[in-house]
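Line by line, the protein sequences are chains V and E. For the first sequence, the numbering used here assigns the number 1 to the initial residue and increments by one for each residue that follows. For the second sequence, the numbering used here assigns the number 1 to the initial residue and increments by one for each residue that follows.
Think of the hints as simulated: they come from the structure by calculation, not from any bench. Here a beta-carbon is modelled for each residue, glycine too, at the ideal position from N, C-alpha and C. Errors might be hidden in some of the hints.
What the hints assert, rightly or not - Derived DSSO-like pairs (lysine-lysine); straight-line CA-CA distance at most 27 Å: (1) Lys145(E) - Lys237(V); (2) Lys168(E) - Lys293(V); (3) Lys193(E) - Lys168(E); (4) Lys145(E) - Lys291(V); (5) Lys168(E) - Lys186(E).
As the list claims (entries may be wrong) - Beta-carbon label-pair distances, calculated as ranges: (6) Ile89(V) - Lys193(E): 43 to 53 Å; (7) Ala117(V) - Phe11(E): 50 to 60 Å; (8) Ala117(V) - Thr15(E): 53 to 63 Å; (9) Lys121(E) - Leu268(V): 53 to 63 Å; (10) Pro13(E) - Pro90(V): 17 to 27 Å; (11) Arg298(V) - Ser150(E): 16 to 26 Å; (12) Ala243(V) - Glu80(E): 25 to 35 Å; (13) Val263(V) - Met90(E): 34 to 44 Å; (14) Lys77(E) - Leu285(V): 50 to 60 Å; (15) Pro141(V) - Glu80(E): 44 to 54 Å.
Unchecked claim - Far from chain E, some chain V residues (derived; all Cβ distances over 12 Å): (16) Pro11; (17) Ile14; (18) Ser104; (19) Gln111; (20) Ala114; (21) Arg167; (22) Ala168; (23) Ile181; (24) Met216; (25) Ile251; (26) Leu279; (27) Ile280; (28) Pro288; (29) Thr299.
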Amino acid sequence: MFFTSLLNALPGAIAQGAIWGIMAIGVYLTFRVLNVSDLTVDGSLATGGAVCVMLIRGGLSPWLALLCAFIAGMVAGLVTGLLHTRCGIPAILSGILTQLALYSVNLRIMQSKANQALSVDRYPLLISMRYVRSAENNPFPLIIIFVLVIIGLLYWFFGTELGCSMRATGTNQNMARAQGINTNRNIVFGLMLANGLVALSGALLSQFQGSADVNMGRGAIVIGLAAVIIGEVLFEKVFVNFALKMLAVIIGAILYYIVLQIVLQLGLNTNDLKLMTALIVAVFLAIPYWKSKVMARRTGKEAEQDA
Amino acid sequence: MLKLRSISKTFNPGTVNANLALDRLSLELAEGDFVTVIGGNGAGKSTMLNAIAGTFMVDSGSILLDGKDITRLPEYKRAEHLGRVFQDPMMGTAPTMQIDENLALAARRGQHRGLKWGISKAEREEYHKLLKDLGLGLEDRMSAKVGLLSGGQRQALTLLMATLKKPKLLLLDEHTAALDPKTAAKVLEISQKVVEKNGLTTMMITHNMRDAIAFGNRLIMMDEGHIVLDISGEEKKNLTVADLLARFSKASGREETDDKLLLS
Ligand SMILES: Nc1ncnc2c1ncn2[C@@H]1O[C@H](COP(=O)(O)OP(=O)(O)OP(=O)(O)O)[C@@H](O)[C@H]1O
Ligand SMILES: [Mg+2]
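I would like the entire structure built from these sequences, with the hints used as guidance.
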């Protein structure tokens with residue numbers, strides 16, 4: 001009974017995980033590549049969904065709606081980037097400000113409704129949850145193509161001169177500037193790229209589930225971090241190549257949703273999900289710190305013994 | 001070729017921590033000058049180099065490089081003309097990137113960075129040769145992450161990066177201070193070679209008086225944000241550490257020569 005229902009739920013969880021994985025790649029770009037803690041994400045994910053749903057409802061093709069969502073996300077990233085680099089506001093706070101502002105903006109986009117539906121019966125949506133287990137209109141091929149194309153493009157981009165300069169910006173700003181790299185511009189551009197991806201993920205999600213909700217991005221940043229961390233913990237040793245690292249993030253997001261599904265099937269209250277996610281992410285973020293403390297104590301003791 | 005015209009810099013102005021680190025400092029370098037810079041802790045040596053590099057903007061005065069006023073130019077734009085090696089070996093390289101990638105970044109200093117591939121095959125071969133010349137065995141580890149290198153290896157690499165694209169001015173800020181004596185000597189030797197080979201105009205801060213006398217054609221000493229001594233040519237060649245200490249106490253107007261301060 002448990003297993004059959006889990007099995008039934010699995011394809012949906014995997015598809016959702018892969019779509020959220022695109023968002024998690026955006027989080028990976030800011031947190032790991034650029035070394036900036038960007039909290040715009042919770043807002044820009046919903047922006048992507050809102051823009052996509054409203055445009056499709058207005059008669060635009062779903063493809064163009066995705067493109068517009070991507071651009072809208074880039075604008076959100078631009079705002080955060082300018083608040084940070086031009087106004088000297090710490091990155092975290094800049095992201096929080098944009099995120100807060102986006103809540104109002106998203107409601108405006110959705111014509112003051114917290115939720116806007118997008119029925120697959122009325123609009124030619126690219127992917128839909130409804131067909132996740134049927135052979136016809138199955139969303140998986142397109143989702144997989146999206147994931148692979150995005151990973152491929154990013155892999156190419158971060159190998160170019162511009163991409164290398166962005167990696168240098170993330171790893172050592174002093175060095176980057178000494179080598180003539182405009183670090184502020186790169187940070188802004190990186191935030192735009194990351195939030196563009198996040199919004200694209202939100203747009204795909206809104207088509208997949210047939211609606212956009214002003215709260216759909218709540219906690220997205222934590223889910224993104226969870227995916228990044230799960231991917232790193234599991235594949236750190238094997239996936240050294242940058243493309244594979246991004247794939248690990250996607251797999252991390254998928255695993256997150258599978259675990260979520262299992263927990264749900266076990267009868268856990270859905271209201272407690274965010275609490276659990278936050279706990280898990282907190283523990284994984286703390287592990288490296290604890291490890292280093294234990295190491296320091298050990299070497300300290302050894303030194304004492306030597307003396 | 002470099003002109004500092006009465007530059008001043010106060011850190012934390014208007015607070016109890018206000019600190020006049022550069023006090024109407026003027027200096028002129030000629031093409032090909034190799035200047036060693038000495039002075040006690042807090043004399044303003046690093047601040048002077050950072051002012052030239054544009055790490056911060058000076059409060060007053062102007063900075064001219066090859067006749068061009070760069071006083072208000074942001075750091076990354078000045079970098080086109082400057083090569084820099086820092087005291088902290090962590091500061092000059094990108095630790096999560098490979099050795100060859102770091103060099104490729106440096107090779108594009110001052111150039112537009114677009115969507116061309118970040119490093120070419122021909123470049124790799126060139127880097128292999130240059131690394132081999134360093135004599136540290138780095139040429140066989142070109143795809144290793146720079147974070148894995150020792151401090152001395154990093155400083156040598158940073159030096160190579162600073163001069164890969166010939167700078168108008170090379171700024172060395174105690175770049176051997178964090179290294180053990182043997183490695184420091186090796187990195188100094190490499191520095192000397194690179195400077196000579198390319199005829200680079202160079203400023204080198206050091207706390208080692210002997211090095212300050214042995215290297216370069218000109219020596220300046222700083223104290224409290226000014227230049228208190230400026231020795232060049234024959235006079236510098238004949239200089240001894242004792243001379244230097246005596247002249248410092250005279251120039252700075254202090255009764256007692258605080259050798260510890262100078263030599264620390
Ligand atoms: N970023 C900064 N903020 C505040 N004060 C600073 C800063 N950088 C330098 N100072 C102060 O300016 C003065 C000059 O410092 P500077 O680093 O130039 O000295 P230095 O001659 O390089 O000394 P050292 O030999 O110890 O490196 C010092 O009093 C220092 O505390
Ligand atoms: Mg200094």
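Consistency of the hints with the structure:
About 15 Å separates the Cα atoms of Lys145(E) and Lys237(V), which keeps this hinted pair within 27 Å; it holds. Straight-line distance between C-alpha atoms of Lys168(E) and Lys293(V) comes to about 46 Å, which puts the hinted pair past the 27 Å bound. Only pairs whose Cα atoms come within 27 Å are accepted, and Lys193(E) paired with Lys168(E) is accepted, the gap being roughly 17 Å. For the suggested pair Lys145(E) and Lys291(V), the alpha carbons sit about 23 Å apart, so the restraint of at most 27 Å is met.
Taking the CA atoms of Lys168(E) and Lys186(E), the gap is near 24 Å; set against the 27 Å cutoff, the hint holds. One distance hint, 43 to 53 Å for the beta-carbon pair Ile89(V) and Lys193(E), holds here, with the actual separation near 46 Å. Between Ala117(V) and Phe11(E) the beta carbons are some 59 Å apart, a value that agrees with the proposed interval 50 to 60 Å. The hint said 53 to 63 Å for the Cβ distance between Ala117(V) and Thr15(E), and at roughly 58 Å that hint holds.
Checked against the hint of 53 to 63 Å, the pair Lys121(E) and Leu268(V) passes, with Cβ atoms roughly 55 Å apart. One distance hint, 17 to 27 Å for the beta-carbon pair Pro13(E) and Pro90(V), holds here, with the actual separation near 22 Å. At about 23 Å, the beta-carbon gap between Arg298(V) and Ser150(E) stays in the expected band of 16 to 26 Å. In this structure the supplied range 25 to 35 Å holds for Ala243(V) paired with Glu80(E), their Cβ-Cβ distance being about 33 Å.
Checking the proposed 34 to 44 Å range against Val263(V) and Met90(E) shows it holds: the Cβ atoms sit about 43 Å from each other. Evaluation of the 50 to 60 Å hint for Lys77(E) and Leu285(V) yields a failure: the beta carbon distance comes to about 37 Å. Separated by about 48 Å at the C-beta atoms, Pro141(V) and Glu80(E) satisfy the suggested range of 44 to 54 Å. The beta carbon of Pro11(V) sits about 37 Å from the closest Cβ of chain E, which is more than 12 Å, so the claim that it is off the interface holds.
Against the 12 Å criterion, Ile14(V) stays outside the reach of chain E, whose nearest CB is about 31 Å from its own CB. Listed as a non-interface residue, Ser104(V) keeps its Cβ farther than 12 Å from every Cβ of chain E; the least gap is roughly 35 Å. The claim that Gln111(V) is not at the interface with chain E holds, since no C-beta of that chain comes within 12 Å of its own (minimum 39 Å). No Cβ of chain E comes within 12 Å of the Cβ of Ala114(V); the nearest lies about 41 Å off, and the non-interface call holds.
In this structure Arg167(V) is not separated from chain E by more than 12 Å, as the shortest Cβ-Cβ distance comes to only about 6 Å. The claim that Ala168(V) is not at the interface with chain E is violated, since a C-beta of that chain comes within 12 Å of its own (minimum 5 Å). For Ile181(V), the shortest C-beta to C-beta distance to chain E comes to about 6 Å, within the 12 Å cut-off, and the non-interface label is violated. Every CB of chain E lies more than 12 Å from the CB of Met216(V), the least distance being 33 Å, so the non-interface label holds.
The Cβ of Ile251(V) sits about 22 Å from the closest Cβ of chain E, beyond the 12 Å cut-off, so the non-interface label holds. With a minimum CB-CB distance of about 29 Å to chain E, Leu279(V) clears the 12 Å threshold, and the non-interface call stands. Listed as outside the interface, Ile280(V) is consistent with that label: its C-beta sits roughly 26 Å from the nearest C-beta of chain E, beyond the 12 Å cut-off. Every C-beta of chain E lies more than 12 Å from that of Pro288(V), the closest at about 15 Å, which supports listing it as non-interface.
At the 12 Å boundary, the C-beta of Thr299(V) stays outside the reach of chain E, the nearest C-beta of that chain being 19 Å off.
Checked against the numbered hints above, the structure violates hints 2, 14, 21, 22, 23; every other hint is satisfied.
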